[in-house]
Structure formats: C-alpha cells, structure tokens
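K.L.:
Spelled out, the chains give:
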Amino acid sequence: MSVFCTSPWIPPEWISAYGHEPRGVWTVSRPRASASCSEGICAFANGCLEAAAARVEDDLFVFDSGCDQMRRAFDALAGHRQNAFLFNLPATGQSLAPRRIYRSELERLGRWLAERGGSVPDTPRLLQVIRQHRDARLQLAAAMEGYSARQCVQAVAHYYAHGAVWVPGNFAPAPANSVPLALLGGHLPAGGGDPLDHMERCGGRIVLNATAAGERALGSEDEAEPAIGSAEDAVEFLTRRYLENSIDIFHRPNSRFYQWLGPRLHARRVRGIVLWTQVNCDLWRAEAQAVREAFGRPVCLIEEEAAEGLSPRDAGRIEAFLELLR
Amino acid sequence: MNAAPRKLSLDEWDGRYQELINAGLRPSSHGGPLREHVTQRGDLRLCRLQLDNSAAALRLWNLVLSENDRLRQARANGDKIVGTMKDLGTVPVLAYSLPRVRAFYPDGAWWTPCLMEGSDGLLRQADALGLEASLCPVRAMVPAFLHGQHFPAPDLLICSSGAVCDDFSAIAQRLENLGFPILWWEIPRRRSPDPGEPFCCLPGGVRAPRGQVECVREELERVGGALSALAGTALTTSALAAGIQRANQVRRLLNALRTRVHSASGAPLPALEMLLAEVLAIHYCSDFEQTVAVLEELLAEASRRAAERQFVLDPGSVRVFWVNPVADLRALNRLEELGGRICGTDYMFTHALDLIPEDMAPLTALAQIALSDPMIGPATARAARVVRECRAFGAEAVVVSRIPGASHCAREGAVIRQMVEETLGLPTVELEVPPVSDSLLPVLSSRLQAVMEIARARRPS
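Chains as they are written, first to last, in the working numbering: chain P, 1 to 326; chain Z, 1 to 461.
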C-alpha cells in the first residue's frame, strides 16, 4: 500500500521494510486555502487533510505532531477514516524521554503497518533497507550542490519513495550571472511546480533548497554506519538517526536548523532568501525575522494560499525581490 | 461592610472603597483603592469595566494587579524568580515546593495590552520584532522581556514544548533567539491507549498510555533538577508531596467556589471576578497565602449571597458555558449586560483545577495532571468535558471564544460546538475577542444576543 507521510522525519525506510511504499504527502497535496483558512487553518495542513479524505481507502496516511495544525488536522480526519496514524514527533532532544517517545512511536507504527497488510521485517531485511536509504541520502547530499532546483526536488521525492538515487537530466543550467538564492520553508506545492520556474525566469538560481521537499529532507550528513544485529538495534538506530539528524524549525530549541543552514548559505554564496510558507503557518512565518537577523541576508516572505500555482501578488513580490538583488 | 451585590464602575468604586475603610476594612499590602492601578500602573481598562462591589473582590483585584510589584519585591528580598510558560499549572507546583522560589507566567503579559488599552505599546513592539498579528496576543511578552518594565527578568525560564500551540511555541522560540535561554521540556500529544497497552486513568476523566506518563514524569524530574539547582536545595519527595497538598488546597477552594457560583439559582459573583479567581490556580499569583485567603473570602461572600438569595445578576439570566479565556476582560461584562451569566468554564487550564492525586509518587501524580491538559489531547476529549460540565451546571448555551492568532482555535471550536449541539442540543456561538474589543462590541453583542435569544426560546413556557 502507499503510505503518505506529512513529515520527512517519519523514516521511509521503516515503511519500506514493512513492505509498504512510502510517499511524501507533499508530492500529491496542494495547499488548500479554503474559506476555513480565513479562520486560521493552515493551508498545507488543510491540503493534507483533504488529500487524505479524497484518496482511495487502500492508501495509508501518517500525520506528524510537529505542528499543532497538523495534529489537529489528524484529529479532524481520524473521526472519519481508519487508515490514518499520528506519529508523535518530539520537539526536544536534550533528554532520554524524547528518545523513548520516538522509539515507542516507531514500534507502534510498525505494528500499525503490519496490521494493514505489511510484513514484519526480519533483521537482514531491516539492515538492507536501512543501509540502502543511508547510502542514497549520503550520495544525494554530496551531489546536491550541482543539481538544478527542479532536479533537487525530483531527486528527493524519488529517494523518499524508493530509497534510491535518481536524478532527472536535461535541465538547462541557469545563467552564470543569475542571483544565488536559498529557498527555505516547510513544504513546496506538489512537484515543486512553478515557484521554482518563476524564480529562475526572474533571474534567480536556487542553490539551496531547504524545504522539506528539498535538501533539508535528507537531514545532516553526519550519519553513522548502521550496526544492526536485531530489530531492537534497528529501532534504536533509526531513533538516533532521526532525532539527531533531522533539521527542522519545530525543534526546541531550533538552533540545529540554524547551524545546518549557516555554512551552506556561506559556501554557496547565497545573496537572498525566499521563505516559502503556507498561509497560517505560524512556525515558519515567525522565523522570518530571526533568519534575517541570523544571516544578514534579505528575506522575501511568501505566504502561499492559492491552490493552483503562484498568486499574481506572490509572483510580483519574487520578481521585485530579484530585481533588487540583481 | 456587606452591601447588596452590585457591579460598580471604577468611579463608583472610589466611594465604595471609602465606605469599606470607614466600616473597618484594613488596606491590604497588595493595594488600596482600585483607582491606584490606573494612576500608578496605567491599567486604563479598569475605567471601562464593571467590578463586583465586595471587599473580597477588591482584595482579588489588588492581588492580581499587583503581581509585578510583588515579583520585584521578592527579587529584592533574594528570592529566585522562575518564569514558566505554557504548561498552565504544572511547573509552579514544583517551584513552590522549594523554599524562596517564586514562579510566574510571563504568558500573563497577554492581558497587558487589554489592561493598558494598548498604551503599553507591546503589540506594536512585537510587530517590529517579527511577531505580527497573525500570532496570539501572548507575543506581548517578548517586548515585555526586552524592556523589563513589566515583570522582572526571571532567573530561570522554563517552557513546555511538543503538543503546544504553534503560535506560542514560535513566540517562545523568538524569545530565546533574542537572548533569553529557555529550559524546554517535552509534553507529548496525549493519545488513547492502543488495545492491550497499559494505561492510566488521569484526573479529568481521560486516559493515557502508561509510557507517556512515565516520559512526562522523567521530563518533570529534569525540570525539578533545574529548579533544585536554582534554589540550592534538593527537591525531595516529601517537599513535593507537601507542595501538591498546597496546590490541592487551592484547587479544592476553587472547586467549591465554582460549584457554589455556577450551581446557584442566581449569580452570587460576576464572571470577571470568577475568571480572575480561576487564574489564581495556575501559580497562586506569586503569593500562596494571599491566594488562599482571597479564595476563602470569595467563597464566604458567594455563600452568604447565595444563602440570602442576593445575586449580582438577574436570576433569569441565560446560563452560559464559556470556552477559552478572553483577551479583553470587557467581553465578560458585556455578556452579563446582555442578560447572560457564566455557569461553567474551560479557560484552557481545567487540569489546574483538577485535584492532583495524593495516593501515588508525587512526580507521577504531577505527570498525570500535566497529561490531562485539555490542550494537548484531541479536541473531542476537551469537548466531552465541556458537555459533562454543561450538564452538571445546567448550561443553556455555549460560547466558544477564539483567541486571535491561536493555532488551536482554528479547528477546535467546530469540534466542541458540534458535540455540544449533537449531544445536548444547546445553541452555540463562536466569536473572536481581540485585546481591546471596543470597536467590535456591536458585532460581538449581536452574536451573544442571538445565542441567548435562542436559549431563552428553548425554555419551557
């Protein structure tokens, strides 16, 4: 079965090992700024909820608790649909309790997947899948800097689904005089879509995609070689890997995100930052000023609300931003 | 000193204060006439509020409005000040179990723009810090920290994270970015136990897996360790048990007061004073002894009025259950002016009203109470409690009051309203109350009037 996850910090290898097909929900869902968004509902969480409600009953959905809006979207769905699971993602990592929470959630997810047609993996299978994903992540992370924006998004989506490296070719390189940009935020609309094209058309070049659909989803490269002799070892390995290597702003404190971002902005000579948020996403929106202060680079805040592509207002803002940077 | 129950304007309270003094009232160490809060602290909103005329209410208002002065005095006396955020009622139990430690909620600054009618400038300053109006008014606390003009900078800042509101979490993170280190502790989203999974029945009528209780217990142990280091004294099991007993003393008093007021045939005390009384439960307003004294006095006043059938509102008022605290205190006055009466509340901290178990290890008991927080579980669990209490107190209508920019308000109102309507058939309304709601009062009034009109029409003729 396809298992659509709302967060890259729910291990796709765990889902694969149980014989299901992991998918990022961001590859099928678009933000849905329905009338309810005027009442404060996050467009992305709403999009996930609507995507889950609309999919065939065989599809499974794993929501995450990284934000209140997603948590509550799960609550809204759970009353109507059995094939949804809420994965409790700890926000802190300074103590043993978050590790125990994560570990217990993995085990619970495993049981849930097994009850829904999955097969409990034996240790060799776990080791094989975990290694495969780890190797793919490392390979991708090392190569990311050379990818175009579109290649990056598609390569990450492919990795998430298959645990393998595949980079679509035939993309014309951006002109050398284009402005190097970093793209920050939670999720991009399905497929990466026109925001990337628009930024490039306006003279920008995305040298760092730090959204959940981009390089950030790979986590930090500081990954240990899995030493797995039992299923318990696998759970422990994944717990450590996903708690220590995940890069996100819902963490408290979220300094790891800044530590990850800073050197990349510097090394890739980023001149401007586009912060891509969905309407009513408090967590990302509130970071705009902190990002500006931390890195001393101009930030263009885009609040996506349109279900179909960039709104004219947002397209104009990106254009103006790049005009000033050129 | 007793007079027929009435609500007074601040001007009327000047005369009433003199009457009380003439009748033998001794000025409290927390304040004299209420007008002083306007002239000395700029709490301009008092000029537009209607306040209960009892000596007990005077003492309550003085206790609540003098907290910042009290914290500064405590600091000057060498006490340690702990700022605890978001958990609403849990960490203060730990803090007040240690000698010479005072805990307070910087979150409380969310009422400052209301009390000072925006003259504090905190929300404008928050805008400039990147915390815009899309976030809840708690953002006022960040400039309050930076300027230090409202409350003293805490010696230790603690905040729960995990299953908390996005806006609050973002605001607290911004605070840390601006140079105020925070001890974060994890409160997981409470879930129902899976089949066969060991679980605990928590206070408040909800259940949680035992594993979650254990994780929260560990986290609270970590918080307790930090508090012990700050106090220079180990937090022993017996000290925490005594701290829990004290917390329960406040909770028992408050429950007695709520039951007395909400179940009486008329309203012995107004909604505004009852809101302030409930707030005392979360951290005793930095003065445990005074909190107990004030609650005892309020309970005595409410009991006397109920026994004498002297009510502050028309006994025919519509019995309303109110969900979420109001950013503008005037909204509760308005409800009463329109013929409503509060008969049940969920101000987001019902777990601070429930008794903490005393028949188990103290930290486990505290973990259980933390996990019974209505804001960390599904909205259906919160709604179920609202339904139970509506039944218990005979509510005739439910008002869900949205907090501007609060992430939990986006969906929970619909869940609560649906369950109330389907289970009890009561009319419900959802409305948003900004920190100073004067310009919206006509709209708010229309909505409140409408729901109460329907409630009245449902009464048996």
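Please note: incorrect hints may appear among the correct ones.
Output of the computed footprint for chain Z on chain P, the stretches with three or more beta carbons under 8 Å from beta carbons of chain Z [unchecked claim]:
#, stretch
1, 71 to 77
2, 81 to 95
3, 275 to 288
These aren't lab readings, by the way, just hints derived from the structure by calculation.
Backbone N, C-alpha and C fix where the C-beta goes; we use that ideal spot for every residue, glycine too.
K.L.:
Identify every previously stated hint that the structure contradicts and give their numbers, smallest first.
P.N.:
none
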